[in-house]
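If you're matching them up, the sequences are chains A and B in order. The opening position of the first sequence corresponds to residue 1 in this note's numbering, with each subsequent residue numbered one higher. The opening position of the second sequence corresponds to residue 1001 in this note's numbering, with each subsequent residue numbered one higher.
Don't take each hint at face value.
Under the rule of at most 30 Å between Cα atoms (straight-line distance), these lysine-lysine pairs were calculated in the DSS-like manner [stated by the list, open to error]:
no., chain 1, residue 1, chain 2, residue 2
1, B, 1120, A, 88
2, B, 1120, B, 1110
3, A, 159, B, 1113
4, A, 159, B, 1226
5, A, 88, B, 1176
6, B, 1176, B, 1113
7, A, 88, B, 1110
8, B, 1007, A, 88
9, B, 1120, A, 159
10, B, 1110, B, 1176
Covered stretches of chain A, going by a simulated chain B footprint (3 or more residues, C-beta under 8 Å) [said to hold, decoys possible]:
no., region
11, 23-33
12, 140-149
To list a few chain B residues with every Cβ distance to chain A over 12 Å, as calculated [as the list claims (entries may be wrong)]:
no., residue
13, 1082
14, 1085
15, 1088
16, 1118
17, 1208
18, 1217
19, 1257
20, 1344
Derived by calculation from the structure, the hints in this document are not laboratory data. Cβ coordinates follow ideal geometry from the N, Cα and C atoms, glycine included.
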Amino acid sequence: MKRRGLFYLQLGFTLLVCAFLVVPVFLSIMAGLTVNYFVGIESGLTLRWVMEVWNGYRDTIFLSIGLSLACLAVTLVIGVPAAYVLAKRQTALTRALEEMLVLPVAVPGLATALALIVTYGSLSGFRTSWAFILVGHVLFTLPFMVRSVLAVLSAIDLKTLEEGAASLGAGFWSRFRDIVLPNCRQGILAGSLMVVTLSMGEFNMTWLLHTPFTKTLPVGLADAYASLRLEVGSAYTLVFFLMIMPLLLALQAFAKPRPTKFVAEDAE
Amino acid sequence: MTDAGNKPVSIALTNCSKTFPDGTRALEPLDLAIHAGETVVFLGPSGCGKTTTLRIIAGLEEPDAGGKVLFDGTDVTHLPIEQRNVGMVFQSYALFPNMTVAGNIGYGLKIRKVPGAQIKARVSEMLAMMQITRLADRRIDQLSGGQRQRVALARAIAVRPRALLLDEPLTALDAKLRDTLRLEIDSLLRSLGITAIYVTHDQAEAMALGDRIVVMEHGRVAQIGKPRDIYQRPATRFVAEFIGTMNRLTGSMNNGRFICKAGGIAWPEAPANATEILFRPEDIRVVEGDETTGLQGKVAAAFFLGDRTRLFVDVGEAQPLVIESTARRDFSHGDPVGLAIDPRGLLVL
């Protein structure tokens, strides 16, 4: 039948696209586990490269995790209140601020990094600390936090909800804690997911901002590919993958919206 | 009475006006006294300033400089809403989606640091009073509109406020539910004996609920009075036409008779210079048999409503007269009819 033929054609195409994307990942992982990539899989499987990466680049992994969590903390502290203000006060000024916040995403990371180095590079204590990279990451990830929280806050009638709480005697801090924060939970979680993954994988800016003592995971990865055996580089990818997947899955599970159960309307 | 925790408050506004930052004058200087325990309805079309007035009383807006809000004689003008101890019910309910029904009702008590056991007891009492006990653990998005408004009422009353402020609480509901809830709100307000201010654009709601009605227009009070006074003795043309239906005839007085295009009406105590008379549909009737009348018209449209027929009768004026006829008669377009008006219902404004 004609329709059936079309179905198989579509299935075939979909599988082809999937294979195109998945096979390199798989090959890369295999390369990291093969004794000698040029000989091929018959040379045997080994964890030697993974161990080598673990021993040589362990610090970059911990730095990246620490950095992304610090970045999350900062974007939460700055981003959530910023989104709240932007949602509450819709003026020309706040709209301009909202647009400007996105600039670090549009401007190439290299340019932002250069600007940071030119401006603050001479503060040697700051330049050599991981906080220097953190500043770059916060600049880059903040709009993602603000945007996702703002999207949720704009979808609910925040003003009336707050007025309702105020009419019941709740002052500003009580309202913020009991009404604003719980109701933008989805946005905060979605934003956190973005911030952590973006910070974890950020290379562009970090490559310029890092020092030999403040290498992050992606910078280390570039290092490994550039200067060591292909197997080591691939093993690094595997480690990266193993690090980031559980984190992403955990955040994703956390951020999953509660299913809305529809209940038949009771007779009034 | 368990809800007599706070004595009802008397509220006074003096010289309260409101100009918004963009320069719009929402409210002209207003003086108003609301007695303790009274239900006052602010009635008017949208943009008349009724909601702004309510928000000034609530503490959600401050009046322009010079205006004062007094609760029992105490100046609360600069006190924010959270310190005024007023209950508020919003048109959009403003229920917290992150809390259950019980959580919403208990929130005000939690803020007041009432012990948990007392909160629980009060919440069950409120749930029972509003007949929503079985909904206690529901989330807000699982409730219908009517149920939401009951929760909102329960939540506002739970804290035993000094005054209850209702901002178009029934507008978002369908007509049948509106009637049911209107009755419930009415008996609730009577049993609580609370000072209540109710904002609406629906004159039927205003007539049913208000001890007094404040009719507003363009940021000004057009009339304050009991529902019956407002209906029978409207102070201005706007009030007359906003509340209920008003018929109008133009003409002039001649020898104790008002003469218009359709004929004349005997009206001995009329003011001599009357050029326009107003009256309600229930004060005019279609004459039957060979009863003589000085007023003639032609049926322009007739709608049979079961218990009565609503007639639109052309009498040569810009607007046809509206007549509610209970006659057992089949009216059709173009029928000539004789009309009689009860002179006691005639108004000149």
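Task: Numbers of unmet hints, in rising order - done: 1, 4, 5, 6, 8, 10, 11, 12, 13, 14 and 15
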